[in-house]
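Novice: The residues making up each chain are set out below.
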Amino acid sequence: SQTIHQWPATLVQPVGSPLSLECTVEGTSNPNLYWYRQAAGRGLQLLFYSVGIGQISSEVPQNLSASRPQDRQFILSSKKLLLSDSGFYLCACSRGNTDTQYFGPGTRLTVL
Amino acid sequence: QKEVEQNSGPLSVPEGAIASLNCTYSDRGSQSFFWYRQYSGKSPELIMFIYSNGDKEDGRFTAQLNKASQYVSLLIRDSQPSDSATYLCAVKDAGGTSYGKLTFGQGTILTVHP
Chain V
1 SQTIHQWPAT LVQPVGSPLS LECTVEGTSN PNLYWYRQAA GRGLQLLFYS
51 VGIGQISSEV PQNLSASRPQ DRQFILSSKK LLLSDSGFYL CACSRGNTDT
101 QYFGPGTRLT VL
Chain L
1 QKEVEQNSGP LSVPEGAIAS LNCTYSDRGS QSFFWYRQYS GKSPELIMFI
51 YSNGDKEDGR FTAQLNKASQ YVSLLIRDSQ PSDSATYLCA VKDAGGTSYG
101 KLTFGQGTIL TVHP
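Sequence lines, in order, name chains V and L. If you use our numbering, the first sequence corresponds to residues 1 to 112, in order. If you use our numbering, the second sequence corresponds to residues 1 to 114, in order.
Chain V with its partners taken away, still in its complex shape:
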């Protein structure tokens, strides 16, 4: 079964600073990868998904971007953080043509 790693686990950043969150997957090849954000007391919002290296689909227009430089690596970035970017960022993966998604441990981001 796959294992999803995310780092850092927690992050406190000032408004206007850049951001880079990393997600790596072990135990599976060519996974579908997803970035979600969960704001305090709210549901999961899909930000980006990727079906392969260099293939990124954006779900919500915002100041965030995603990249997939390797098969099992997914990166979430921002050039300038906003207060509204605070939240719990979750990376998820699904295998092949299955729909079931499994989540990593998440990164809790606080923008001050």
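I should point out that these hints are in silico values taken from the structure, not numbers from a laboratory. All residues carry an ideal CB built from backbone N, CA and C; glycine is no exception. A portion of the hints provided could be inaccurate.
Between beta-carbon pairs, the in silico distance windows are [to be verified]:
1. S84/V to A94/L: 23 to 33 Å
2. T10/V to S8/L: 21 to 31 Å
3. N97/V to K67/L: 16 to 26 Å
4. P14/L to L83/V: 36 to 46 Å
5. S20/V to R77/L: 40 to 50 Å
6. S82/L to T110/V: 20 to 30 Å
7. P81/L to V15/V: 32 to 42 Å
8. P8/V to S40/L: 16 to 26 Å
9. G52/V to D78/L: 39 to 49 Å
In silico negatives: residues of chain V with every beta carbon more than 12 Å from chain L [stated by the list, open to error]:
10. V12
11. P14
12. S20
13. L44
14. N63
15. R68
16. Q70
17. L82
Given the coordinates of chain V, work out where chain L should sit on it, guided by the hints.
Specialist: Coordinates of chain L only, in the frame set by chain V:
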């Protein structure tokens, strides 16, 4: 816009009772349905999925799906305090261009009291 609705709760049940969690969805073409459990401060973990109308049982958990009514539920038998968590319902979009995309409900907070 595709929607997945859950009663936010909190739902409070005594230990040993059956907890019933409900979810409705708007996309009539949806085919795959998932239940996740999320403990406070942690990431969601998959409990079970269901694709066909009817019931699917896994240990103390039973998922029920009624596509005609666009309704999916999760029953937890013999509820334990360790079941206290937020339960998220997720539905896979039916559209061909949204492969793998899940829409999540807001979640139902369940509290099991001794």
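Novice: Each hint: holds or not?
Specialist: Here is what the structure says about each hint:
Evaluation of the 23 to 33 Å hint for S84/V and A94/L yields a pass: the beta carbon distance comes to about 31 Å. A beta carbon spacing of about 26 Å between T10/V and S8/L agrees with the range 21 to 31 Å that was offered as a hint. One distance hint, 16 to 26 Å for the beta-carbon pair N97/V and K67/L, holds here, with the actual separation near 21 Å. For P14/L paired with L83/V, a C-beta distance near 41 Å keeps the hint of 36 to 46 Å intact.
A hinted range of 40 to 50 Å for the beta carbons of S20/V and R77/L is consistent with their spacing of about 45 Å. A hinted range of 20 to 30 Å for the beta carbons of S82/L and T110/V is consistent with their spacing of about 29 Å. Checking the proposed 32 to 42 Å range against P81/L and V15/V shows it holds: the Cβ atoms sit about 40 Å from each other. At about 20 Å, the beta-carbon gap between P8/V and S40/L stays in the expected band of 16 to 26 Å.
The hinted window of 39 to 49 Å between G52/V and D78/L holds, with their beta carbons roughly 44 Å apart. Listed as outside the interface, V12/V is consistent with that label: its C-beta sits roughly 16 Å from the nearest C-beta of chain L, beyond the 12 Å cut-off. With a closest Cβ-Cβ approach of about 23 Å to chain L, P14/V is found to remain outside the 12 Å limit, as its non-interface label requires. Listed as a non-interface residue, S20/V keeps its Cβ farther than 12 Å from every Cβ of chain L; the least gap is roughly 19 Å.
Distance check on L44/V: its Cβ comes as close as 4 Å (rounded) to a Cβ of chain L, failing to clear the 12 Å threshold; non-interface status is violated. Every C-beta of chain L lies more than 12 Å from that of N63/V, the closest at about 22 Å, which supports listing it as non-interface. Annotated as non-interface, R68/V keeps its C-beta farther than 12 Å from every C-beta of chain L; the closest such distance is 14 Å. No Cβ of chain L comes within 12 Å of the Cβ of Q70/V; the nearest lies about 19 Å off, and the non-interface call holds.
Non-interface call for L82/V relative to chain L: holds, since the shortest CB-CB distance, roughly 23 Å, exceeds 12 Å.
Checked against the numbered hints listed earlier, the structure breaks hint 13 alone; every other hint is satisfied.
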